[in-house]
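Add chains B and C to chain A, keeping to what the hints say.
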Amino acid sequence: MTAADPEVTTDASADERPLLVATDVTKTFEGLVANRDIDFEIPRHSIVAIIGPNGAGKTTFFNQLSGVYHPTSGTIEFEGIDISGMPPHAVAGLGVARTYQNIRLFQNMTVLANVMVGRHVRMHGQWYQAIAGLGGIRQEEEATRRRAFELLELVGISRRSAADLSKNLPYGDQRRLEIARALASDPKLLLLDEPTAGMNPGETRQMTDFIGRLRRELKLTILLIEHDMKVVMGVSERITVLDYGEKIAEGTPAEIRANPRVIEAYLGKQATA
Amino acid sequence: MRRPLNLSLVDVILWALRVAIVVGVAVGTITTLSTTRLSGDQWRDLLIFGISQGSVYALIALGYTLVYGVLLMINFAHGDVFMFGGMTAFFAADWLSDNGVLNTAPFIAVPIILLVGAVSSTVVALLLERIAYRPLRRAPRLVPLITAIGASLFISNSVRGLYGDGVMAYPRVDAFQGTFNLLGIPILKTHAIVIVSAVVLMTVLYWFVERTRTGRAMRAVSEDKDTAALMGIDVDRIISITFAIGGALAGAAGVLYAIVYNQVIWSMGFLPGIKAFTAAVLGGIGSIVGAMLGGLVLGVLESLAPTLLLAGFGVPSPNQLRDVIAFSVLVLVLIFRPYGLFGRPESK
Amino acid sequence: MSLGASLRSAVKVGLITGAVMVYLVAVGIASAFAKREVVTGFLTLGHLMLVIPPLAIGYIVAGRPLPTSQRLTHALVAGLATGVLFAAAFLLAVALSPGIRLVLNRVSSSLLDFVGFRSLGLEPGTGALLNLGLAAALALVGGLVQVAPVTVRRAVVGAGTALVVMSMVEPFLRPRLLQFGLPGAAQFVYRSHGLGMVSAALILALGAVLAVGWPRMRSTVRSRIAAADPATRGMLRWAAILVGIAFLYTLPSISGSFLTQVLVLVGFYVLLGLGLNIVVGYAGLLDLGYVAFYAVGAYFTALITSPTSALGWGLNWWIALPIVIVLSAMVGLFIGAPVLRLRGDYLAIVTLGFGEIARVLLGSDALKPWLGGPNGILSVPFMIDDGTYFLPIVGKVTGPAATYFPLMGFCILAAFIAYRLKYSRTGRAWNAMREDEDVAQATGISVVNYKLLAFAMGASVGCVGGAIYATHLQGVVPGGFVLLVSITVLAVVVLGGMGSIPGVIVGAFALIGTPELLREFAEYKLLVYGAVLVAVMVLRPEGLIPDASRRAELEEARQPEEGELQVEYDEISGEA
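Residue numbers (my numbering), protein chains in the order written: chain A, 783 to 1055; chain B, 29 to 376; chain C, 6 to 581.
Just so you know, the hints here were simulated from the structure itself, not pulled from any lab data. Idealized CB from N, CA, C, for every residue including glycine. Do not rely on the hints blindly, as some may be mistaken.
Quick list of simulated restraints, FRET-style, between CB atoms [said to hold, decoys possible]:
#, chain 1, residue 1, chain 2, residue 2, range
1, C, Met173, A, Asn982, 52 to 60 angstroms
2, B, Ala257, C, Glu528, 39 to 47 angstroms
3, B, Ala133, C, Gly130, 34 to 42 angstroms
4, C, Arg348, B, Ala257, 20 to 28 angstroms
5, C, Glu528, B, Thr242, 37 to 45 angstroms
6, C, Arg69, A, Leu814, 50 to 58 angstroms
7, C, Pro220, B, Ala197, 54 to 62 angstroms
8, C, Ala10, B, Val263, 20 to 28 angstroms
9, C, Glu528, A, Gly980, 50 to 58 angstroms
10, C, Leu316, B, Gly68, 38 to 46 angstroms
11, C, Pro70, B, Ala197, 54 to 62 angstroms
12, B, Glu251, A, Gly980, 20 to 28 angstroms
13, C, Leu316, B, Val40, 26 to 34 angstroms
Chain C regions said to be covered by chain B (calculated; three or more residues, Cβ under 8 angstroms) [stated by the list, open to error]:
#, segment
14, 102 to 116
15, 286 to 297
16, 331 to 345
17, 354 to 366
18, 369 to 379
19, 491 to 502
20, 530 to 538
Isolated chain A, as found in the complex (with noise of 0.2 angstroms):
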């Protein structure tokens, strides 16, 4: 039960390889063809988005990697670790962490244990020794107790709040509770499913800048998913667009706001405005 230590990579040259590299990865529903042969890459320590009107296969993509579907053919590696036919506890372990579009958090949970549950890849106490209270099973939970605790602090939870069931939480605490449950597993790869849906401008900003400050206080790798182009310009370095299941585009996101292909596909409307 316990999942796998994550690989840990010492070589400095490790560090100039991608984090995960998708190779001609395909994704079909009964002959429907959600992903057709993409490639993508995420650089280490950068924040990459895909972007895409709705039904374009974002979500289908973002899916495979985080192990809940397996790609038809090709290939997801993170780290150099084949993930695309893992289960997704087991790339969970690895240190994929993600969050949803519609929030999903464990509604009858307290909001500490939300953030608890979070860790679980990174906690070893077994049910035995949680019976037996041996095996160092109090400290573990102290541990991971206060380190809730900061992770809450971090998104900006109060503390007073983290005894109230999740499902109490007002619509930003939720976003940013379900941050903190990825957050808790020390991801090294942090995906973000539309994290600004249902959100008004002023928290939009908010929510772009403590992504920004995510990757650079927590050194991590995010990548985003937005159908909002707005929200990813300011904040990632590559951008990926996707329409129909194919990538028709990939750059900097100046390159992307002049790529004729994305204004056709995607901004149409917006050029001609």
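Showing chains B and C alone in chain A's frame:
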């Protein structure tokens, strides 16, 4: 495409189970048939009995399937709705029998009894939906299931309190005694009545769901409640109608069951209920045709299998294990083909 | 809500209440309870069954946010509606009598006489009017209690509760009073089987005083405890635990063998409930065939320990126990493995199927050579010295008490294990899985493994229960392992609150203990279980003692001090 062969403990157990079943069924059948324990006529009678039993299962199964199709919930109390119809209709049957109508004009009396059964079951089904299920429509799936189990206990024990806890003997209809010949095959008249009534009711239901406006609305609600509501369909009403139809069929099934077995009791809802659910799953739950086929398959299986499979192994009193066959079918279908024998897996 | 609408709804709830009362009479509960005296010669439980609904409806309706005078009118209107329906049903039944009894077999003429106050010499018409008037008056009283100041409300509720509880505990309290040489007290409190008039008045007064004084006492105690330093608080907690254990230890000596028998029964369900709670409450897997594990434990034990079983080993129970636990955990894994991939509701039905298969197989001729068919396996030795042994302080232990002590021990052990697991990595993983399987998996939880673990864990606890059951009865017969056991355990868990350990205990006392005290109730036990399952799920899905709130309190108590939180972000990232 390379994919690592991921054979977990679970898979091993599942494969062992598959092999064991195939071997068991084959060996049992071959041994039994080679010893010619039963004559051809006896096999045929078992088969007909199975079909008539299966028709009753099919009628009850339709209620499960309709409700599941629309609400995605297992109405565990449906067996008790069935029981309530059979029990309540008993009083009508008893009264008609005392008046002599039952024997002078059986083809007027029996439809009245069926109607009483259907109406009383419908009332219970509607109350059940309104009180126990409607408030929970947005709750997690297990919640209405627990409620349904509670409702099942509540209905059966209420009937026990209201009507008394003894077995009630249904009056005999003289016209239905004995057998008649169909293409040279003697068939018990009661079985013929059950089979014919079931076929008629199922045909009407099929026509209703496929051809009428309300039927279309039901199908729309089962596809997507919210969209259906946006399109002006009164979802609550459609769900009530669904329960009402399921209830009516169960009530009719209750009466037919009583005609075959000549008796009713408050606790009779559970076993036919769970078997009808098995039938619904067997045929692919949510599918009307599937429920009918599933009912027949299960009825026949239950009737033949104890002798066919178990007797071959020299198991003493194999008919004690009839229910084990039914429950094993339930368990195995859910494990190996939860989408039913005739269905296709849900796409994911 | 407009006045018209709110009046209409008052009428509606009044009619529903009336229908409930008619149901209670027709199903036979009212007349069954009429045999149980509350105040001898004056009030029976049957009366209370009919008095409480209009009172309650008046109380509830008057609780709506309306001006005081209107609240009372509404209560009165609701009561009238209740009374009209009830009286009409009564008259109808009288008109159809005696033929009605052929259908509704409890509606006898003596029942109708009881409902229609025939003993006062009333004709049915006047009896119906009296019923109508009483319902209205009671609803009004209920309304008055609602609008009265909070002290009055508490006093009334307290007095009522005290009266009912004191009369209900008669079957074991009176023998206890006699046993401790207080025949005078027994004579004073109880006339015949109900309370005497004077003692009833005293109990009412006492209940009222206690109910009024209680909140203040409680808050004083709480604030004292809160003010105490952590060391004292820790000592208090240990003291409370010790007092609790001492109480449980000496209980059989004070309670007598009838109550001990009841406690043993409750104990079995506490144990089973704690086991099922792991599966259903923690991990969210609805297991409707839990009885199968209970049966497996009992039969394995009987096979291994009984000298007359097919194996004939005749092992000591305590040696058999670990073998049984291991075997049963394996059975749990083997059954669990193929079914745990199923969706929740299918899993429930499959487990139900397993339970039924187990039931039929146990009693079948096919397995008779091993399991004894309908006769079961007999001559299972008792776990300790043939059922009679000595304990310090308590002295000689025999009869049901002989099971009581080890059973309590196992219950405490199971509660301890359940508690430890609950607040651990394992427990959180289970809860996460219960809440959202996909997300749990994306969080790194191996869902299949944790499901299997929960299943095996629940199976082991259930089997220990079965092992004790076998040795308690010194034999096993298939009749003890029916679906109803599974459903009863489920009802215990659901009523107490899924996932809540104290909930299981309270649930077991409420659902298993109460019917033992109310013997008349036995016939309606299952009816009530059914009603409890529906009512809890519809009205209060979190159960009597919700799990979440306790969890919340607990974690609040463990929040670290302010200073501990001042951690730099770098430090966080350093660990990453």
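Now for the hints, and whether the structure bears them out:
A hinted range of 52 to 60 angstroms holds for the C-beta pair Met173(C) and Asn982(A), which are about 59 angstroms apart. Between Ala257(B) and Glu528(C) the Cβ separation comes to about 44 angstroms, which falls inside the hinted range of 39 to 47 angstroms. Checked against the hint of 34 to 42 angstroms, the pair Ala133(B) and Gly130(C) passes, with Cβ atoms roughly 40 angstroms apart. Here the CB-CB span from Arg348(C) to Ala257(B) is close to 25 angstroms, well matched to the stated 20 to 28 angstroms.
Taken as a hint, the range 37 to 45 angstroms holds for the pair Glu528(C) and Thr242(B), whose Cβ atoms sit roughly 42 angstroms apart. A hinted range of 50 to 58 angstroms holds for the C-beta pair Arg69(C) and Leu814(A), which are about 55 angstroms apart. Checked against the given bound of 54 to 62 angstroms, the beta carbons of Pro220(C) and Ala197(B), roughly 60 angstroms apart, stay inside it. Ala10(C) and Val263(B) have their C-beta atoms about 23 angstroms apart, which keeps the hinted 20 to 28 angstroms range intact.
Between Glu528(C) and Gly980(A) the C-beta distance comes to about 55 angstroms, which sits within the given range of 50 to 58 angstroms. Between Leu316(C) and Gly68(B) the beta carbons are some 44 angstroms apart, a value that agrees with the proposed interval 38 to 46 angstroms. As the Cβ distance of Pro70(C) to Ala197(B) is approximately 56 angstroms, the hint placing it in 54 to 62 angstroms holds. Taken as a hint, the range 20 to 28 angstroms holds for the pair Glu251(B) and Gly980(A), whose Cβ atoms sit roughly 26 angstroms apart.
Separated by about 28 angstroms at the C-beta atoms, Leu316(C) and Val40(B) satisfy the suggested range of 26 to 34 angstroms. With 5 residues carrying a beta carbon less than 8 angstroms from a beta carbon of chain B, the segment 102 to 116 of chain C meets the three-residue requirement, and the given coverage holds. For a cut-off of 8 angstroms, the count of residues in the segment 286 to 297 of chain C with a CB near a CB of chain B stands at 3, and the three-residue condition holds. Evaluation of the coverage hint for the segment 331 to 345 of chain C: fulfilled, as 5 residues show C-beta separations to chain B shorter than 8 angstroms, against a requirement of three.
With 9 residues having a beta carbon nearer than 8 angstroms to a beta carbon of chain B, the segment 354 to 366 of chain C meets the requirement of three or more and the stated coverage holds. Residues of the segment 369 to 379 of chain C with a Cβ under 8 angstroms from some Cβ of chain B number 4, which satisfies the need for three, so the listed coverage holds. Interface restraint, the segment 491 to 502 of chain C with chain B: holds (4 residues with C-beta to C-beta distance below 8 angstroms; minimum three). Figure legend: the segment 530 to 538 of chain C, annotated as covered by chain B; annotation consistent (7 residues with Cβ-Cβ distances under 8 angstroms, at least 3 required).
This entry satisfies every hint, going by the numbered hints stated previously.
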